[in-house]
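Asker: For the record, the sequence lines run as chains A and B.
Per full-length UniProt numbering, the very first residue in the first sequence carries number 1; after that it's consecutive.
Per full-length UniProt numbering, the very first residue in the second sequence carries number 1; after that it's consecutive.
Honestly, the hints are just simulated from the structure, not real lab data.
Since the model is a prediction, treat every value here as computed from it, not as a measurement.
Glycine included, C-beta positions come from ideal geometry on N, C-alpha and C.
Mixed in with the good hints there might be a few duds.
[To be verified] Here are the simulated distance ranges between beta carbons:
(1) Lys91(B) - Tyr256(A): 24 to 32 angstroms
(2) Phe240(A) - Asn40(B): 24 to 32 angstroms
(3) Gly23(A) - Glu129(B): 24 to 32 angstroms
(4) Lys181(B) - Arg6(A): 45 to 53 angstroms
(5) Asp165(B) - Leu233(A): 24 to 32 angstroms
(6) Ser131(A) - Lys70(B): 26 to 34 angstroms
(7) Asp165(B) - Val297(A): 35 to 43 angstroms
(8) Gly23(A) - Thr19(B): 28 to 36 angstroms
[Said to hold, decoys possible] Mimicking EDC-like on lysine to aspartate or glutamate, the simulated pairs with C-alpha atoms at most 20 angstroms apart in a straight line are:
(9) Lys230(B) - Glu278(B)
(10) Lys308(A) - Asp61(B)
(11) Lys265(B) - Glu251(B)
(12) Lys70(B) - Asp310(A)
(13) Lys14(B) - Glu273(A)
(14) Lys147(A) - Glu56(B)
(15) Lys111(B) - Glu74(B)
(16) Lys91(B) - Glu124(B)
(17) Lys18(B) - Asp310(A)
(18) Lys308(A) - Glu278(B)
(19) Lys147(A) - Asp72(B)
(20) Lys308(A) - Glu251(B)
(21) Lys308(A) - Asp75(B)
(22) Lys147(A) - Glu278(B)
(23) Lys147(A) - Glu124(B)
(24) Lys308(A) - Glu124(B)
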Amino acid sequence: MFNLIRNEWMKLFSRPATYVMTGLIVLAVIAATVITLFISSLGEEQSDNWQSQLQAENAQLEQTIENGEEWFAGQDPEEQLAINQYALDNNIPPNDMNTVWTYLENSTFLISIIGLFAIIVASGIVAGEFSWGTIKLLMIRPIARWKILLSKFITVGAFGLFLVAITAVLSVILGFIFFDPGSSVRLVFEDGQIVEKSMAAYIVRVYLFNSIDVIMLTTMAFMISAVFRSSSLAIGISLFLLFVGGTATGFIAVYYDWAKYSLFANTNLSLYEMNMPLVEGMTMQFSIIMILIYFSVFMTLAFTIFTKRDIAS
Amino acid sequence: MSTQVVELRKVTKKIRSKTIIDDISFNVYTGEVFGFLGPNGAGKTTTIRMIVGLMEMSSGDIVINGKSIKTDFEDAVRHVGAIVENPEMYKFMSGYKNLVHYSRMYKGISKEKIDEVVKLVGLEGRINEKVKTYSLGMRQRLGIAQSLLHDPKVLILDEPTNGLDPAGIREIRDYIRKLAKERDMAVIVSSHLLSEMEMMCDRIGIIQHGKLKDVQLIEDFVGTQSQVYKIEISNADQIVAKMRASFSAWEIELVNQDLLINCKKEDIPEIIKWCVEEGVAVYGAAKAARTLEDRFLEVTSDKKGEPANV
Numbered sequence: 001m002f003n004l005i006r007n008e009w010m011k012l013f014s015r016p017a018t019y020v021m022t023g024l025i026v027l028a029v030i031a032a033t034v035i036t037l038f039i040s041s042l043g044e045e046q047s048d049n050w051q052s053q054l055q056a057e058n059a060q061l062e063q064t065i066e067n068g069e070e071w072f073a074g075q076d077p078e079e080q081l082a083i084n085q086y087a088l089d090n091n092i093p094p095n096d097m098n099t100v101w102t103y104l105e106n107s108t109f110l111i112s113i114i115g116l117f118a119i120i121v122a123s124g125i126v127a128g129e130f131s132w133g134t135i136k137l138l139m140i141r142p143i144a145r146w147k148i149l150l151s152k153f154i155t156v157g158a159f160g161l162f163l164v165a166i167t168a169v170l171s172v173i174l175g176f177i178f179f180d181p182g183s184s185v186r187l188v189f190e191d192g193q194i195v196e197k198s199m200a201a202y203i204v205r206v207y208l209f210n211s212i213d214v215i216m217l218t219t220m221a222f223m224i225s226a227v228f229r230s231s232s233l234a235i236g237i238s239l240f241l242l243f244v245g246g247t248a249t250g251f252i253a254v255y256y257d258w259a260k261y262s263l264f265a266n267t268n269l270s271l272y273e274m275n276m277p278l279v280e281g282m283t284m285q286f287s288i289i290m291i292l293i294y295f296s297v298f299m300t301l302a303f304t305i306f307t308k309r310d311i312a313s
Numbered sequence: 001m002s003t004q005v006v007e008l009r010k011v012t013k014k015i016r017s018k019t020i021i022d023d024i025s026f027n028v029y030t031g032e033v034f035g036f037l038g039p040n041g042a043g044k045t046t047t048i049r050m051i052v053g054l055m056e057m058s059s060g061d062i063v064i065n066g067k068s069i070k071t072d073f074e075d076a077v078r079h080v081g082a083i084v085e086n087p088e089m090y091k092f093m094s095g096y097k098n099l100v101h102y103s104r105m106y107k108g109i110s111k112e113k114i115d116e117v118v119k120l121v122g123l124e125g126r127i128n129e130k131v132k133t134y135s136l137g138m139r140q141r142l143g144i145a146q147s148l149l150h151d152p153k154v155l156i157l158d159e160p161t162n163g164l165d166p167a168g169i170r171e172i173r174d175y176i177r178k179l180a181k182e183r184d185m186a187v188i189v190s191s192h193l194l195s196e197m198e199m200m201c202d203r204i205g206i207i208q209h210g211k212l213k214d215v216q217l218i219e220d221f222v223g224t225q226s227q228v229y230k231i232e233i234s235n236a237d238q239i240v241a242k243m244r245a246s247f248s249a250w251e252i253e254l255v256n257q258d259l260l261i262n263c264k265k266e267d268i269p270e271i272i273k274w275c276v277e278e279g280v281a282v283y284g285a286a287k288a289a290r291t292l293e294d295r296f297l298e299v300t301s302d303k304k305g306e307p308a309n310v
């Protein structure tokens with residue numbers, strides 16, 4: 001199996017497109033840095049004195065609570081007030097636009113770009129062998145077909161992780177060069193009290209949650225590639241869903257309950273953290289089960305059809 | 001001496017209700033080149049795809065070196081090296097990397113072994129260049145190289161001379177004979193080029209409309225009939241009846257105003273003498289080679305019982 005993955009990796013990295021994708025990821029990280037630097041330069045005066053700023057915000061919060069108004073972003077104003085007070089008392093400055101943490105939090109769009117490239121690779125990795133005609137020479141080896149397919153799937157995953165690693169290392173390096181270290185403590189209001197949590201763990205979780213839909217779409221692209229032997233079909237459907245799937249599901253969910261069974265209704269697990277399920281009654285367990293069901297359906301389709309099929313023409 | 005390595009047992013392939021391959025059985029032995037001959041669309045490639053496990057058969061079985069390709073795919077196909085249709089390689093990689101790629105799919109193929117097959121097919125000079133820069137002949141040779149990496153007992157080449165120039169065809173042909181004789185391989189070659197087969201194969205199987213029409217040794221196949229001579233004369237159609245009466249011992253046929261006579265070499269002067277005496281102008285007399293092509297047309301001729309075109 002290791003040799004099969006090495007083979008796939010060698011084929012992947014023998015093509016210029018792979019290097020173009022890697023280069024584009026590097027450019028995207030740099031672009032994210034430049035944009036964040038630009039935005040933070042607009043609001044420079046904010047960072048002078050965080051204590052007085054928080055005090056001002058607290059005054060506003062108190063007023064909001066008094067008037068019974070809504071605080072923005074659906075947060076509970078009382079919780080925000082308590083967090084701010086805790087920060088003032090314990091001298092923990094909040095992470096503003098100039099810190100590494102905010103920079104990283106705002107760079108989650110990089111996940112979509114990595115996902116885009118992973119989808120492209122997944123779409124071509126099986127279909128390509130058919131269109132090159134090399135599938136015939138690949139399948140007459142003393143290796144079961146499912147092993148060949150699995151090695152290809154693992155290679156797609158490894159390529160995704162490879163891009164993630166490049167992005168992570170480069171982001172952290174650029175982050176620490178251009179931004180303040182900020183505070184590595186994240187204050188959370190939990191069960192009626194303030195808890196200090198790790199900012200790094202939070203960032204990792206944000207990235208993981210954001211990865212679910214691209215992982216699922218990559219799996220789907222791989223399945224289409226293996227079943228229909230067409231990379232353009234796989235890329236087309238997957239990218240279309242990547243860009244409109246979430247939004248469309250959001251619209252449908254407003255009117256119809258069955259939207260909760262669609263893939264995209266379940267890929268955004270952070271909704272549960274924020275206590276805002278897409279459809280009333282959905283839980284994180286439900287979503288995780290739905291994701292697993294979709295995943296096994298894609299895999300079963302890909303493997304059964306790929307291993308059974310006659311290879312003609 | 002030679003042992004049976006490939007055995008097709010009543011192999012049938014149906015796609016939906018259409019029978020593509022109909023109950024084909026034959027055996028191939030070590031050290032022989034077996035020609036698989038048939039017009040385009042007869043089912044040569046489909047049969048080959050079933051032998052290497054690319055296609056499933058609807059019924060029957062194929063046994064390679066004692067293992068069924070159906071139930072024991074990995075152990076059966078381990079002994080097979082093949083090119084199916086064109087030798088399509090990864091064009092974006094060098095020839096060498098292509099070979100490394102395939103060598104990793106077997107156990108224990110050393111770097112030396114790769115170098116050895118590269119040398120064998122004479123690609124040393126260009127092996128590190130990308131396959132997209134190769135000519136068709138070089139690709140064909142690289143295809144043979146990949147099929148020999150694991151020292152297979154059975155070599156299957158689908159249309160190996162397709163698209164090659166005469167020099168390339170000759171090279172591949174000599175090469176195939178060498179492999180069969182020196183390495184005691186069983187080589188299965190498919191082609192629709194009859195002249196090719198005649199020079200390359202020991203035995204030949206003719207397939208048409210998915211049915212195996214005939215399997216014979218090449219000598220038997222070509223040389224069963226006694227020699228035929230073609231005599232070009234004037235007014236052949238008018239004289240033929242009289243001639244038949246005079247020479248009742250020979251079969252005399254009239255084809256396109258020429259006479260085809262089934263006789264011995266020594267009889268030719270007598271025929272010519274007879275013609276001169278009869279006042280018939282003789283333009284030529286020559287041996288009409290009875291080739292594989294004639295036999296092929298004879299065997300595959302749909303109008304059964306009718307004499308062949310010779």
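Asker: Any of the earlier hints contradicted here, and which numbers?
Answerer: Structure breaks hints 1, 2, 4, 5, 7, 8, 13, 15, 18, 20, 22, 23, 24.
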